[in-house]
Amino acid sequence: MFELEARAEPSRLMSWLSPLLAVMLMLGGGVLVFWALGKDPVEGFRVFFLNPLKDFYSLSELLLKATPLMLCAIGLAIGFRANVWNIGAEGQFMLGAAAATGVALYFDGSDSSLLLPVMIVAGALGGAAWAAIPALLRTRFNANEILVSLMLVYVAQLFVSWLVFGPWKDPDGFNFPQTRMFGDAALMPALLEGTRLHYGFLLAIAVLIAGHAFMNRSFAGFRMRVAGAAPDAARYAGFSAARMIWVGLLLGGAAAGMAGMAEVAGPMGQLTDKVGSGYGFAAIIVAFVGRLNAFGIFLASLLMALLYIGGEQAQQYLNLPSSISMVFQGMLLFFLLGADVFINYRLRLRRRAPRSH
Amino acid sequence: MDAGLITSMLFATVVAGTPLIIVALGLLVSEKAGVLNLGAEGMMAMGAVAAFAVTHHSGSAWLGVLAGMGAGMAMALIFGVLTLSLLANQVASGLALAIFGVGLAAFVGKPYEAVALQTVPPIRIPFIADLPIVGEALYNQQALVYFSWALFWGLLWFLYRSRAGLVLRAVGESPSSAHAIGYAVIRIRYLAVLFGGAMAGISGAFLSVFYTPMWAEGMVAGRGWIALALVVFATWRPLRVMMGAYLFGGVMITQLFIQGSGLQIDFPSQLLSSLPYWATIVVLVIISRNANTIRLNSPLSLGKPYRPDA
Numbered sequence: 001m002f003e004l005e006a007r008a009e010p011s012r013l014m015s016w017l018s019p020l021l022a023v024m025l026m027l028g029g030g031v032l033v034f035w036a037l038g039k040d041p042v043e044g045f046r047v048f049f050l051n052p053l054k055d056f057y058s059l060s061e062l063l064l065k066a067t068p069l070m071l072c073a074i075g076l077a078i079g080f081r082a083n084v085w086n087i088g089a090e091g092q093f094m095l096g097a098a099a100a101t102g103v104a105l106y107f108d109g110s111d112s113s114l115l116l117p118v119m120i121v122a123g124a125l126g127g128a129a130w131a132a133i134p135a136l137l138r139t140r141f142n143a144n145e146i147l148v149s150l151m152l153v154y155v156a157q158l159f160v161s162w163l164v165f166g167p168w169k170d171p172d173g174f175n176f177p178q179t180r181m182f183g184d185a186a187l188m189p190a191l192l193e194g195t196r197l198h199y200g201f202l203l204a205i206a207v208l209i210a211g212h213a214f215m216n217r218s219f220a221g222f223r224m225r226v227a228g229a230a231p232d233a234a235r236y237a238g239f240s241a242a243r244m245i246w247v248g249l250l251l252g253g254a255a256a257g258m259a260g261m262a263e264v265a266g267p268m269g270q271l272t273d274k275v276g277s278g279y280g281f282a283a284i285i286v287a288f289v290g291r292l293n294a295f296g297i298f299l300a301s302l303l304m305a306l307l308y309i310g311g312e313q314a315q316q317y318l319n320l321p322s323s324i325s326m327v328f329q330g331m332l333l334f335f336l337l338g339a340d341v342f343i344n345y346r347l348r349l350r351r352r353a354p355r356s357h
Numbered sequence: 001m002d003a004g005l006i007t008s009m010l011f012a013t014v015v016a017g018t019p020l021i022i023v024a025l026g027l028l029v030s031e032k033a034g035v036l037n038l039g040a041e042g043m044m045a046m047g048a049v050a051a052f053a054v055t056h057h058s059g060s061a062w063l064g065v066l067a068g069m070g071a072g073m074a075m076a077l078i079f080g081v082l083t084l085s086l087l088a089n090q091v092a093s094g095l096a097l098a099i100f101g102v103g104l105a106a107f108v109g110k111p112y113e114a115v116a117l118q119t120v121p122p123i124r125i126p127f128i129a130d131l132p133i134v135g136e137a138l139y140n141q142q143a144l145v146y147f148s149w150a151l152f153w154g155l156l157w158f159l160y161r162s163r164a165g166l167v168l169r170a171v172g173e174s175p176s177s178a179h180a181i182g183y184a185v186i187r188i189r190y191l192a193v194l195f196g197g198a199m200a201g202i203s204g205a206f207l208s209v210f211y212t213p214m215w216a217e218g219m220v221a222g223r224g225w226i227a228l229a230l231v232v233f234a235t236w237r238p239l240r241v242m243m244g245a246y247l248f249g250g251v252m253i254t255q256l257f258i259q260g261s262g263l264q265i266d267f268p269s270q271l272l273s274s275l276p277y278w279a280t281i282v283v284l285v286i287i288s289r290n291a292n293t294i295r296l297n298s299p300l301s302l303g304k305p306y307r308p309d310a
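Heads up: the sequence lines are chains A and B, in that order. By UniProt numbering, the letter at position 254 of the first sequence is numbered 254, and the numbering carries on one by one without gaps. By UniProt numbering, the letter at position 65 of the second sequence is numbered 65, and the numbering carries on one by one without gaps.
Rather than coming from a laboratory, the hints here were simulated on the basis of the structure. No false leads were slipped in.
If you anchor each label on the Cβ, the simulated ranges turn out as follows:
1) B/Arg289 <-> A/Phe176: 41 to 47 Å
2) B/Glu173 <-> A/Asn344: 20 to 26 Å
3) B/Arg295 <-> A/Phe176: 46 to 52 Å
The calculated PhoX-like cross-link candidates involving lysine-lysine, where the alpha carbons are at most 20 Å apart (straight line), are:
4) B/Lys110 <-> A/Lys274
5) A/Lys169 <-> A/Lys274
6) A/Lys39 <-> B/Lys110
All C-beta atoms in this analysis are idealised placements derived from N, C-alpha and C, irrespective of residue type, glycine included.
Please model the complete structure; the sequences and the hints are all you need to start from.
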């Protein structure tokens with residue numbers, strides 16, 4: 001039998017190999033899933049994992065899908081590093097989308113080039129304001145931020161649904177729950193001709209770089225890392241726990257809000273009640289698989305985008321529900337969490353203790 | 001307000017509170033053993049879809065409940081392997097379970113979305129169901145409602161009167177002491193986690209087979225998370241879990257009754273529907289305000305991985 005033996009110190013190598021191992025296991029698991037569903041595993045693999053990479057346009061769609069994931073995940077990672085568990089990015093995303101939509105609708109018809117920057121700021125503020133609720137309740141009343149931020153996801157969904165069914169409903173929209181289409185000045189310009197990829201992608205890259213700088217080059221980021229890795233040391237050094245909760249949640253909310261803005265001003269072009277497409281939850285997986293690190297998050301968001309698009313392909317060509325994406329995404333995180341055991345432990349063959357009589 | 005309305009609101013409150021009681025009491029047991037499983041929403045979703053599918057194919061609601069229980073336990077087993085055997089972070093693993101369970105349930109349940117089940121008739125308890133007002137509300141209910149009461153009394157006895165319950169609580173307070181006096185901490189925690197999964201599965205089954213006999217993606221609607229909040233709110237005590245669950249049931253039902261009453265109130269239905277979630281937040285705030293209440297009542301090792309030194 002094998003047993004786990006604690007390593008003297010965590011293995012840096014394993015902390016990078018573990019996501020790769022998890023991806024391998026997920027691909028293997030994916031083949032098994034297709035086989036179990038009575039589909040040709042080779043065909044399934046090709047449609048799900050290779051189709052989304054087959055040409056230039058497909059790749060641009062991959063980057064488009066990865067944009068909101070990157071934005072949400074980098075914000076979450078800042079909090080997660082300090083053990084601030086904001087899991088309500090989905091709600092902050094929707095509030096950011098709603099705030100940006102508010103600006104777009106209010107200045108409808110304007111062709112000012114300032115409109116987009118103002119919408120970005122509004123999106124960030126909307127998301128941050130929604131995240132401020134769990135931050136306030138946690139720091140003032142000690143209420144668990146996991147549960148509060150999650151409850152607010154449901155509230156945000158109902159709030160957006162009220163907006164698009166009620167006051168913001170497009171008067172010429174045949175009663176569909178959606179707002180008017182935004183004017184050109186409120187839409188993200190295309191980044192590459194002939195694709196849907198837009199400037200939001202550059203925004204995401206910029207935020208990734210800023211997030212990296214914050215976490216690794218600033219004193220505030222250092223404090224947050226210490227608080228996560230060694231809470232007692234942080235307390236002893238006099239770092240304010242309340243400030244870290246505020247910073248973690250506000251930055252997470254702002255990033256998610258920007259992602260929501262980039263979605264309504266990007267591929268959607270309007271606000272609908274389907275605006276939250278699970279990006280906020282998927283970003284939790286992205287943050288973990290990316291090792292709470294900006295470059296890792298970049299790669300992980302591409303991988304998760306691949307799983308999303310693979311699901312759409314599977315729906316189209318294999319006649320499977322597109323929710324198969326979520327199955328693969330969940331599997332990936334399970335395998336990662338399991339493989340992470342090797343960061344702190346190694347496998348050892350258990351030698352039988354000599355029998356004593 | 002006439003007596004009929006009181007009876008029907010009371011009846012509906014009990015029905016709405018029941019799934020919360022079942023899942024929250026299951027979570028209570030695993031938390032008492034020191035394991036925080038945030039995946040309740042995922043386990044409930046899988047329980048709901050498995051129960052629905054089996055009931056649909058077999059025609060037996062009871063086989064369905066059994067299948068829901070099995071599905072919940074299977075999900076809990078994944079969580080157990082990750083956190084207890086592989087020592088993964090409980091918060092991250094629980095989140096993974098919630099995301100995975102909801103996704104897998106949506107995937108498995110796709111073919112059942114347009115299917116309806118026969119409603120299961122309630123069980124009428126002779127004589128006491130004839131009591132005025134409360135009789136019809138409390139004693140002409142679904143069998144799982146009676147099950148939730150039995151579960152409550154059973155747990156009270158188990159946790160506070162039985163030796164096994166004492167061991168379970170010891171494991172949650174101080175796993176190393178429990179290990180030192182010879183208890184198999186990991187095995188006990190596995191059992192507690194599986195029990196939590198089984199109850200979450202039954203609770204999901206109640207939703208899809210009895211409460212609204214249909215399956216829809218997202219039908220659990222946050223009840224797994226509300227149950228997690230309930231356990232904190234109840235400061236890990238079964239009686240308060242039960243009272244809290246009915247309180248939430250009451251909030252859910254009141255907003256539905258207002259929406260359905262045709263009262264001309266100028267308040268959007270969506271915002272009314274968000275009341276139970278706001279109520280959860282408010283209640284969490286009230287109970288958490290005093291950090292000592294939480295610290296003194298929560299199992300000491302809650303959420304912390306434990307590995308016995310071989």
